[in-house]
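Engineer: Chains as they are written, first to last, in the working numbering: chain A, 1 to 165; chain B, 166 to 947; chain C, 948 to 1232.
Keep in mind the hints are simulated off the structure, nothing from the lab. Do not take every clue at face value.
[Said to hold, decoys possible] If you anchor each label on the Cβ, the simulated ranges turn out as follows:
no., chain 1, residue 1, chain 2, residue 2, range
1, A, A70, B, S170, 46 to 56 Å
2, B, A745, A, D11, 45 to 55 Å
3, A, R28, B, E373, 19 to 29 Å
4, A, A83, C, D1013, 50 to 60 Å
5, B, Q398, C, P1160, 49 to 59 Å
6, C, E964, B, R214, 50 to 60 Å
7, B, A588, C, T1166, 50 to 60 Å
[To be verified] Below 25 Å or equal to it, Euclidean Cα-Cα: the simulated PhoX-like pairs (lysine-lysine) are:
no., chain 1, residue 1, chain 2, residue 2
8, B, K599, B, K558
9, B, K909, B, K599
10, C, K1132, C, K1201
11, B, K505, B, K558
12, C, K1132, B, K599
13, B, K599, C, K1225
[As the list claims (entries may be wrong)] Some but not every residue of chain B turned toward chain C, in silico, with C-beta under 8 Å:
no., residue
14, D797
15, T798
16, H838
17, H848
18, A850
19, D853
20, T856
21, R858
22, Q863
23, D864
24, T917
25, P918
26, P919
27, L922
28, L925
Every residue, glycine too, gets a C-beta built ideally from N, C-alpha and C.
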Amino acid sequence: MVVTFQLNGEDCSFHGDPMTPLVDILRRERFLTGTKAVCREGFCGACTVHVDDEAVPSCLKPIGLVQGCAVTTIEGLSSGNQALHPLQASFEAIDAVQCGMCFPGMVMSLSAFMRDNPHASRPEIKAAMVGNICRCTGYERIVDAVADCLDQARKAGRLAGGIDV
Amino acid sequence: MSELSATVMNLARRDAQDKLRGRTKYTNDRIRPDMLHAVLLRSTVPAGRIRKLDVSAALRCPGVRAVATGADAPGLYGIGIADHPLLAIETIRYHGEPIAVIAAETEKQARAALAAIMLEVEPLAPVFTMAEALQPAARLVHEGWRGYEVITEGGARAGNIAWEARSSRGDVDAAFARPDIRIVESSFTVGRQSHVPFEPRVAIGSWEDGRAHIQTSTQVPWTVRNVTGRVMQLAPGHVRVTVPPVGGGFGLKFDASIEPITALLARMTGRTVVLENTRQEEMATCLCRENAEIRIRSAVTAEGYIAGREAVVLMDCGAYGGEQVFLTTMTAHTLGGNYKVGAMRLVSRAVYTNTPPNGAFRACNGVYNTFALERHTDEICDALGFDPMEFRKKNVLGDGDLGATGQVFEADVLGPMLDRMEALRASTGTSEAKADGRLYGIATTVGTWFVFVGPSAATVNLNADGSATLVTSGVEIGSGTMVQSLPQIVAGQLGLAPDQVIVREADTDAAGLDVGVGGGRTTVSIGAASVAACAEVREKLLRTAGEMLQTRPQDLVLRDGRVEITGRPGSGMSIPAVVAHAQATTGPITGSGAFAARNAPAMAGCAMGHFIDALDIPVFVVHEAEVAVDPDTGHVEVLAYRVVQDVGRALNPRAILGQIQGGVVQGLGYALHEEVTLTADGHIAQDDFETYRLPLAQDVVPVAADLYEGAPSMGPLGTKGAGEVPILAVGAAIGCAVARAIGKPVRQLPLTPPRVLRLLHEREPPPEFPHIAPGWASNTLG
Amino acid sequence: MAPGVERSFTAASTIEEALAARRQGAAVLAGGTWMMRDPRRGGELPEAVVALHRIPALSKVEIEPDHVVIGAAVTHAVLGRALHAAVGFEGLVGAAENAANPGIRRVATVGGNLCVLDFAAADLAPALLVCEATVELETFEGAKLLGISDFLKDRHTLLAEAIVTRIHLGRDLVASAHIRLPLRKAGDYPVAIVSIGVDKDKRCRIAVGSVEPVARRWTALEQAMRASPASALDPERAAELALEHNDFQGRDGKEAEGWYRRQVLPSLVKRGIAALLKTGGLAWL
Ligand SMILES: Cc1cc2nc3c(=O)[nH]c(=O)nc-3n(C[C@H](O)[C@H](O)[C@H](O)COP(=O)(O)OP(=O)(O)OC[C@H]3O[C@@H](n4cnc5c(N)ncnc54)[C@H](O)[C@@H]3O)c2cc1C
Ligand code: FES
Ligand code: FES
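Excised from the complex, chain A in its bound form (with noise of 0.2 Å):
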């Protein structure tokens, strides 16, 4: 089967299994690496992607089902030499980073969650992380980053006529 859909903003076509999860397609096929395959079954967020704008796992959804849609992965969400998100830049000065392995899959989920939940409070950050385990850093200076981000947002967008993320 062929399936077509686009991929970090360009025409991407797939020929073979529709079952196939798209993760196995991004890391064997397009090399996308950034995105991890840690679990296989949905718990550890590590593989998270967006798939018409919404964070899910990229781990149980077979391309099948993503043809038509846009796929942005860790790679697409700043390329090139392009400024880092600004969870990526608050991730990175708070030093929240260990090995490393599940933060492309955090910073997909987060970076979407901010965008839906700009008031988000702390306990509500940590809930939206149930389906993102990190096994190096507990969590909290994940969740510090997140706040201190949506603080920052919230602050600029006040200076620039109350727009939100």
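On the provided structure of chain A, position chains B and C with the ligands as indicated by the hints.
Structural biologist: Structure of chains B and C with the ligands alone, referenced to chain A:
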């Protein structure tokens, strides 16, 4: 600027951007289409004899390029004793043990070909528990144990006892016979903990110019090199190991496991071969923190003096000795740590069973020995009516006190740390109000661990652009040492900025021997070797500059990328100018440095079968937990967590605090959530993220931490390792806090809700160990 | 799958088209969050699948004054948002918004949650039992309406020749609550679930999930509470009655043994009643 103030800073991580953008290439991101994929045939029985193994049909399957079995890699490896084959030879000792391996053009083809391997196994009665293994008539997991090569002498061994370490100091019998003491005895049992690094064990092997080259996700490139040499019966120098960024290790990758297989297949095929554990394989064959059984007795006077202590610790090493052989050593320094004790004897036995082999996990047996010791301490306090905090303050190890092996501890560290914990608690306040009607408990516990020193080497090349290249066998596993403390140390020594220090990733062809990244040793051991290398660089640099400036080298200093005349900022010349001059006259400026353990002495005759008789660098922690227990469901909520940690010197306080948060949370997983059990056929039941419950963001709290500086350390600039030890006393603090909350003794971890509910209703049977004899000496090989 | 055979994948745009594919032997693919894990469980992916996501009728939630219709392909996330402000559906919303994790909830569908066979911990099942939902199936013999309870019991056979198309709910509950008990705060399957609803006559409906292999109503407790209506909305009293009328046989699993699932039920009932009392709907009564 002093050397110290030039080194201490909250340096950010240079690898953060690429990791955040998904650009970092971990080993398992380096798989290319032209590589062969290897897949293992693993045992589906826990014990058996291989009657027939015929791979010829598999070799004829589509895409298959090679099949290897134990016969292709006959050498045995191990720690202390060489008991472990790469692929099972004749005998199968655990469910999941690799028996054969297939390399094919695609993973699918390799998997398909597995079915074509003809394997006949005669099942043997498995020995699943240490209780079974220690029965006099137990079947031997290793029938040929006597014939194994002993790599390290000194341990007693017999049958299913892979290794035994004993320590004995003073007259314990006399202490227990005193009329003025009371005897308190406690038994504890703990399960396994799985590391779950996000990157599983994975290796890519190729055969280049007649040598193996293995790229792998490891903490120990030199061990991989040596083990590969052993099993393939090659000179280890025929193996090169390089290490890309590692996606988490936590000790799992502190031993070689699947890496040599890729070298073997690369030699057979002439192709590059990748072998990556699936998550299920990774978890089913994880070299876990071992399950253990502990009995501890103490003789304590009414005044609270611990006159005598004895303990038996049984550690399940699984099917092969592995790290547990070494770790028997650490019982003396952990269960035998923390407190002043008049006379003490401890025995620690690594026991073979037909279960997946265990290994090293962040602070290893220290974690459960500390749990046992601290809960036992609370039971002493309960029995004799002491206040647990006062009892600890009175009895913790101080300057001049003796450890279990007769080591003399230097300086008062734990005592002042307990005071600092009280100050920390005063500043944060307590969280009892958050218990909201549930059962509330708070506990303060102490712990003793160490820095695993051992040999390291470093080379520093000073470049004409003013940068320095640091070449070591260190690996970045996420803890930040390679991107924070090491460049900080080198920069501080040479008057550079840390971003001018280039850190080479580990390559056994480029750097000297190193015993690996683990045991909190990188900053200390590689750091010390780097300081030594910098000293040589500095000496050459100042000599050249002295000639150029017509000044004596001792009147020169390195500062801000310049060689300056002491006391005259801005004088002298830039480092690049000096390097350029040296390159043209005496040659490029390089330095090399080395480090080795000091081997602190124990008291003669106190330590038997120990790999480390006394600790060169002890490390202490004080942990405090507040919990609320739901009496209806048994759920334990952690309300607050506080840590005072002995760091020697904090070179990058922010990075250390990050390690503390991460380490404590792994400890919360161990204490509360992470459970490993075996199925009836000896398979690890929790082999996925559905059943193995890692702590999630909602299960954790921000850890309040205070870094205790100034305790003596032989580490560079007074440092101690800070990344390993944060997990040490979490099981202890949580176990003690829960016991106080529910008013019942806690003798087992993890404290899952069903277990806590059973404890509350007194339906949890206390651990009983019929296989541990009442008399201490009967539990030793004499 | 035999080598060389191409898997067939149909993205149906109508129910008829989906049913036709089903007749040809295609398995229904909804969000895929369960099916894609079959290989991990030692199973194989079906050789032919028919996807429902392009059928508009199955992807919407219709909210009318006296009833609600939920398309089978509606995701947990969409369901939670759609019913957020609808009085009486707090329990169903709670189930949809707290099951699994956010990423899964954006993908996993209502139909998928109900049609996974041998999954005892499905959150939507007890919540829909309390709503006394009717399940609409499109079978090879035509459309069929069935009470949720019967559907859950008979789905093994029913689903061999059918597709779940819609779930119909009345609007006779004034308040409801969904109390789930995972072993962590969230993220693992609940080891026990109590869903409770109350109608305008203050009659309670209670359903239990994850304790037995299939979710069911707790009729013994409902009857006991009806017998002493005065204490029906008293959490402590309800918990006592729950203890007295606990007729569940807990199932053993890796994560928890049967006794535990059974034992926690009274306290979940207590929490459930307490949660009901906090809802707006009950305050009006
Ligand atoms: C990480 C994770 C955590 C989870 N945690 C929870 C939890 O806490 N609580 C909970 O309730 N569930 C939980 N689940 C299960 C989850 O709810 C189910 O996987 C999901 O609801 C299935 O929906 P789906 O649309 O993805 O179904 P699919 O995987 O597409 O299908 C599942 C099955 O249902 C059949 N099917 C689907 N739709 C129809 C239909 N309309 N008609 C007939 N047959 C159909 C399919 O043929 C297939 O057999 C979890 C799942 C994951 C992956
Ligand atoms: S790999 Fe997809 S959620 Fe873990
Ligand atoms: S940083 Fe290692 S898993 Fe999150």
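Engineer: Min Cβ distance, D797 (chain B) to chain C: is it shorter than 8 Å?
Structural biologist: Since chain C brings a Cβ to about 3 Å from D797 (chain B), closer than 8 Å, the hint holds.
Engineer: When the nearest CB of chain C is found for H838 (chain B), is that gap smaller than 8 Å?
Structural biologist: 6 Å, holds
Engineer: Taking 50 to 60 Å as the stated bounds, is the beta-carbon spacing between A83 (chain A) and D1013 (chain C) within them?
Structural biologist: Given range 50 to 60 Å: holds, Cβ gap about 53 Å.
Engineer: Taking the CB of E964 (chain C) and the CB of R214 (chain B), does the distance hold inside 50 to 60 Å?
Structural biologist: 57 Å, holds
Engineer: Does the nearest C-beta of chain C fall within a distance shorter than 8 Å of the C-beta of A850 (chain B)?
Structural biologist: Cβ of A850 (chain B) sits 5 Å from chain C, so the hint holds.
Engineer: Taking 8 Å as the limit, does the beta-carbon of D864 (chain B) come near enough to a beta-carbon in chain C?
Structural biologist: 5 Å, holds
Engineer: Taken at face value, is the distance from the CA of K1201 (chain C) to the CA of K1132 (chain C) at most 25 Å?
Structural biologist: 18 Å, holds
Engineer: Does Q863 (chain B) pass the interface check with chain C, least Cβ-Cβ distance below 8 Å?
Structural biologist: 4 Å, holds
Engineer: Are the Cα atoms of K599 (chain B) and K1225 (chain C) separated by 25 Å or less?
Structural biologist: With Cα atoms ~20 Å apart, K599 (chain B) and K1225 (chain C) stay inside 25 Å; holds.
Engineer: Can we keep the T856 (chain B) interface hint, with Cβ of chain C closer than 8 Å?
Structural biologist: 5 Å, holds
Engineer: Quick check on L922 (chain B) please, does its C-beta sit within 8 Å of some C-beta on chain C?
Structural biologist: 7 Å, holds
Engineer: Answer holds if the nearest beta-carbon of chain C is closer than 8 Å to that of T917 (chain B); otherwise answer violated.
Structural biologist: 6 Å, holds
Hint violations for this structure: numbers 8, 17, 28, all remaining hints satisfied.
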